[in-house]
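**Student:** Heads up: the sequence lines are chains A and B, in that order. Letter 256 of the first sequence, counting from 1, is numbered 256 in this note's numbering, and no numbers are missing. In short: position in the second sequence from 1, add 331, done, that's this note's numbering.
Check the hints yourself; a few may be wrong.
Here chain A is said to cover these stretches of chain B; the calculated rule only asks that three of the stretch's residues, wherever they fall, bring their Cβ under 8 Å from a Cβ of chain A [as the list claims (entries may be wrong)]:
id	region
1	400-410
2	451-458
The calculated label-pair distances, taken between Cβ atoms and stated as ranges, are [claimed, not checked]:
id	chain 1	residue 1	chain 2	residue 2	range
3	A	51	B	427	38 to 44 Å
4	B	418	A	318	33 to 39 Å
5	B	539	A	188	19 to 25 Å
Per the computed footprint, the stretches of chain B lying under chain A, defined by three or more beta-carbons under 8 Å from a beta-carbon of chain A, are [unchecked claim]:
id	region
6	605-618
7	754-767
For the record, the hints were derived by calculation from the structure and aren't laboratory data. All values derive from a computational prediction rather than experimental measurement. Backbone N, C-alpha and C fix where the C-beta goes; we use that ideal spot for every residue, glycine too.
Each chain, letter by letter, is given below.
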Amino acid sequence: MTDETAVLSPSTVGPERPAAEGGGRGRPGQVWRSRRYRWDLRWSPYAFVAPFFLFFAAFGLFPLLYTGWAALHQVELTDPDSMTWVGLRNFTRLWDDEFFWNALRNTVTIGLLSTVPQLAIALGLAHLLNYRLRGSAFFRVAVLTPYATSVAAATLVFVLLFGRDYGMVNWALSAVGFEAVDWQNGTFASQLAVSTIVIWRWTGYNALIYLAAMQAVPAELYESAALDGASRWQQFLHVTVPSLRPTIFFTCVVSTIGATQLFGEPLLFNGGAGATGGSDHQFQTLGLYLYEQGWVNLHLGRASAIAWAMFLILLLIAGAARLLRGRKDSR
Amino acid sequence: MRVRARSRRTLLTTVTAVGAAALLLAGCAQDPEEGPGKGTPATGKSGGAAQTTLTVGVFGAFGLQEAGLYDEYMAQNPGIRIEQTSIERNENYYPQLLTHLGTGSGLADIQAVEVNNIAEITATQADKLVDLGKAPGVDKAAYLPWKWAQGTASAAKGGATVGLGTDIGPQGICYRKDLFEAAGLPSDRAAVGALWAGDWNKYLEAGKAYKAKAGEGKAFVDSASGVMAAVTGSSAQRFYDEQGKVVYKTNPAVRGAFDLAASFATDGLSAKLQQFTPGWDQGFSNGSFATVSCPAWMLGYIQDKAGPAGKDKWDVAQAPKPSNWGGSFLVVPKAGKHAEEAAKLAAWLTAPAQQAKLFEKRGSFPSASAAYKLPAVSGAQHAYFGGAPIGEIFSKAAEGVPVTVVGPKDLVIAQNLADIGMLQVDQKGRSPQEGWEAAVKAIDNALDQ
Numbered sequence: 001m002t003d004e005t006a007v008l009s010p011s012t013v014g015p016e017r018p019a020a021e022g023g024g025r026g027r028p029g030q031v032w033r034s035r036r037y038r039w040d041l042r043w044s045p046y047a048f049v050a051p052f053f054l055f056f057a058a059f060g061l062f063p064l065l066y067t068g069w070a071a072l073h074q075v076e077l078t079d080p081d082s083m084t085w086v087g088l089r090n091f092t093r094l095w096d097d098e099f100f101w102n103a104l105r106n107t108v109t110i111g112l113l114s115t116v117p118q119l120a121i122a123l124g125l126a127h128l129l130n131y132r133l134r135g136s137a138f139f140r141v142a143v144l145t146p147y148a149t150s151v152a153a154a155t156l157v158f159v160l161l162f163g164r165d166y167g168m169v170n171w172a173l174s175a176v177g178f179e180a181v182d183w184q185n186g187t188f189a190s191q192l193a194v195s196t197i198v199i200w201r202w203t204g205y206n207a208l209i210y211l212a213a214m215q216a217v218p219a220e221l222y223e224s225a226a227l228d229g230a231s232r233w234q235q236f237l238h239v240t241v242p243s244l245r246p247t248i249f250f251t252c253v254v255s256t257i258g259a260t261q262l263f264g265e266p267l268l269f270n271g272g273a274g275a276t277g278g279s280d281h282q283f284q285t286l287g288l289y290l291y292e293q294g295w296v297n298l299h300l301g302r303a304s305a306i307a308w309a310m311f312l313i314l315l316l317i318a319g320a321a322r323l324l325r326g327r328k329d330s331r
Numbered sequence: 332m333r334v335r336a337r338s339r340r341t342l343l344t345t346v347t348a349v350g351a352a353a354l355l356l357a358g359c360a361q362d363p364e365e366g367p368g369k370g371t372p373a374t375g376k377s378g379g380a381a382q383t384t385l386t387v388g389v390f391g392a393f394g395l396q397e398a399g400l401y402d403e404y405m406a407q408n409p410g411i412r413i414e415q416t417s418i419e420r421n422e423n424y425y426p427q428l429l430t431h432l433g434t435g436s437g438l439a440d441i442q443a444v445e446v447n448n449i450a451e452i453t454a455t456q457a458d459k460l461v462d463l464g465k466a467p468g469v470d471k472a473a474y475l476p477w478k479w480a481q482g483t484a485s486a487a488k489g490g491a492t493v494g495l496g497t498d499i500g501p502q503g504i505c506y507r508k509d510l511f512e513a514a515g516l517p518s519d520r521a522a523v524g525a526l527w528a529g530d531w532n533k534y535l536e537a538g539k540a541y542k543a544k545a546g547e548g549k550a551f552v553d554s555a556s557g558v559m560a561a562v563t564g565s566s567a568q569r570f571y572d573e574q575g576k577v578v579y580k581t582n583p584a585v586r587g588a589f590d591l592a593a594s595f596a597t598d599g600l601s602a603k604l605q606q607f608t609p610g611w612d613q614g615f616s617n618g619s620f621a622t623v624s625c626p627a628w629m630l631g632y633i634q635d636k637a638g639p640a641g642k643d644k645w646d647v648a649q650a651p652k653p654s655n656w657g658g659s660f661l662v663v664p665k666a667g668k669h670a671e672e673a674a675k676l677a678a679w680l681t682a683p684a685q686q687a688k689l690f691e692k693r694g695s696f697p698s699a700s701a702a703y704k705l706p707a708v709s710g711a712q713h714a715y716f717g718g719a720p721i722g723e724i725f726s727k728a729a730e731g732v733p734v735t736v737v738g739p740k741d742l743v744i745a746q747n748l749a750d751i752g753m754l755q756v757d758q759k760g761r762s763p764q765e766g767w768e769a770a771v772k773a774i775d776n777a778l779d780q
């Protein structure tokens, strides 16, 4: 290591470092070494990030492109090698596919029903966790435990809680004089029940993100607000929330992506039947409809078209969010 | 931000990183040749003979392993080791099997196939499977003719018998003796069977008589879709005709079964449960219904769910008509490394003697009619069901089951009829006509490629 130079200053490590080239005119060994040195500086960062991109190409990009290719064909899982070119037919038929629109509608309503309360509760929870608490580490871990449980385990418990005849939710409702609700069959009831599972699982996760952002808010802001006579609630409204705006935006984007791809909860909420999303498809999300077409009905081409439609919907949402955010920033 | 750069070391790291990534990718691209048997050497010394590991892929609690059949085979054939992988639900198992057959990799030496999928397998995958009809130790005459026909590809597809039948699901009607007595109906299993012998409509009449006496809150059947499955299981032609055309929409047998089952819902005889859901399981332990049409494999399920409290309350009687629900096959993919040994094992596992053992230990009813004469079957009684002579009851049903025409999309059609159409009538209170139309719409969408 003694013959190597430890370069510390950023100005000397640039790929077009003139000193290295100047040194190259010396002995042949030196030429080789300095050339190698230049290559190293130029290419090794690429090598460092290469594993991710190689894996992404193999498991992200290739499936994406292949799915796009399959979406233009009629292809069945029973014989994936024989593809018949149908052009955009798989896409055009989605326009007339009432099951697709139904799934899209359900995805939006379940997404709203779960995301809005979820983020609101997370914000409140984070605010509470931000207080000086005895054993705060315990509470922070505790809010994260739902996130750590598996979808399957959580959903199975919720299916029992929301049972029509012997479920605990209905038992509690009847105890206070309400009528029992058929959670699986009602359109709104079932969507609410599915949303509850999502809220339960993801609230703690978002709360911790908010908490981290809250701790970066300078304490002076709170102090001066307190001096001005602002209550805790006013501090939350006028100091915390505005400081958290970028974080809130981030969680909105992540939750929207999650809601668009919602799959495990509605699948398992429908105990025996699987991908239908209830007898009236009342809680069949896009993810579930994609699964039904691909893995129950074995139509890979149609399923691929749905996958791409979902991808395009996400791009649309992302574009809309960008526009919205751009306007906000310029304000 | 830049970090300290040390040329020689970074170059080395670079090479290593790229090399490692390449290795990893190569590792991922490689097919797992050993399958689930990894970790154990495929060939080793055991009594001087080279050892072969055979893998069996099944779904659910198939019972071959639990009944001790693998151990017995391994004891008889010291050169063979058997390993089993299981996926809980057929919905997850079957698509995976298809992708593996498509790529010719990741397959077990023997794979199980559910009866609702067997037509699709024989129609589209026969060229990838071993013709077991010619395997050593297979005796066509030992099997029920309709079961043998289901596992055989059509003459146009080569006519190979690619699937050997394991169990079948001949049905009886399981009923609660105590509830029948309370409603003033006979509770002796011969008399109960006579109540509705020969006609599913009489089953409906019995339900009405039960309801009149039993009063509010006590349902006669668990679900309308259970009745529908039983009724459709007793007709020779269901969703496809002999030419392989989809005829469920116009087949009076299907519409008749749908309407009859729907009557159970509209007349308030159904507990409005969905089968194989937690609520249904709780229904068994809470006694919320008096009867359920039960294939042989469901006896164990009822025993599990109704628990010790249900002992001596449940009994089983003959169904109105012989009917079949469920059952499975074993197939041997050609891509397997030990196809020949695997065919021998599949033949042994499905031979009458082994099927009888599977019935004795696990309650899976044999598809090999030669097994019905064996004492393990003919003399079988079920202690939980009041010592019912289940061997006799189910043999009689099995031999009366018509040769059913199976089609490639039977599962999809049956599932949508039950989980969309009948469930809407049963649980959402829609009219039978509305339920039927919803099911037809869903099925047409599912069958459209």
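**Student:** It remains to establish, for every hint, whether it holds in the given structure.
**Tutor:** Hint-by-hint comparison with the structure:
1. Restraint check on the region 400-410 of chain B versus chain A: 0 residues with Cβ-Cβ distances below 8 Å, three needed, restraint violated.
2. Check on the region 451-458 of chain B: 3 of its residues sit with their Cβ under 8 Å from a Cβ of chain A, so the three-residue criterion for coverage holds.
3. Between residue 51 (chain A) and residue 427 (chain B) the CB atoms are about 28 Å apart, so this pair departs from the stated range of 38 to 44 Å.
4. At roughly 36 Å, the beta carbons of residue 418 (chain B) and residue 318 (chain A) sit within the given window of 33 to 39 Å.
5. For residue 539 (chain B) and residue 188 (chain A), the hinted distance range of 19 to 25 Å is not satisfied, since their beta carbons lie about 35 Å from each other.
6. Interface restraint, the region 605-618 of chain B with chain A: holds (10 residues with C-beta to C-beta distance below 8 Å; minimum three).
7. Taking a C-beta to C-beta cut-off of 8 Å, the region 754-767 of chain B contributes 4 residues in contact with chain A, enough for the three needed, and the coverage statement holds.
Violated hints, in rising order: 1, 3, 5; the structure is consistent with all others.
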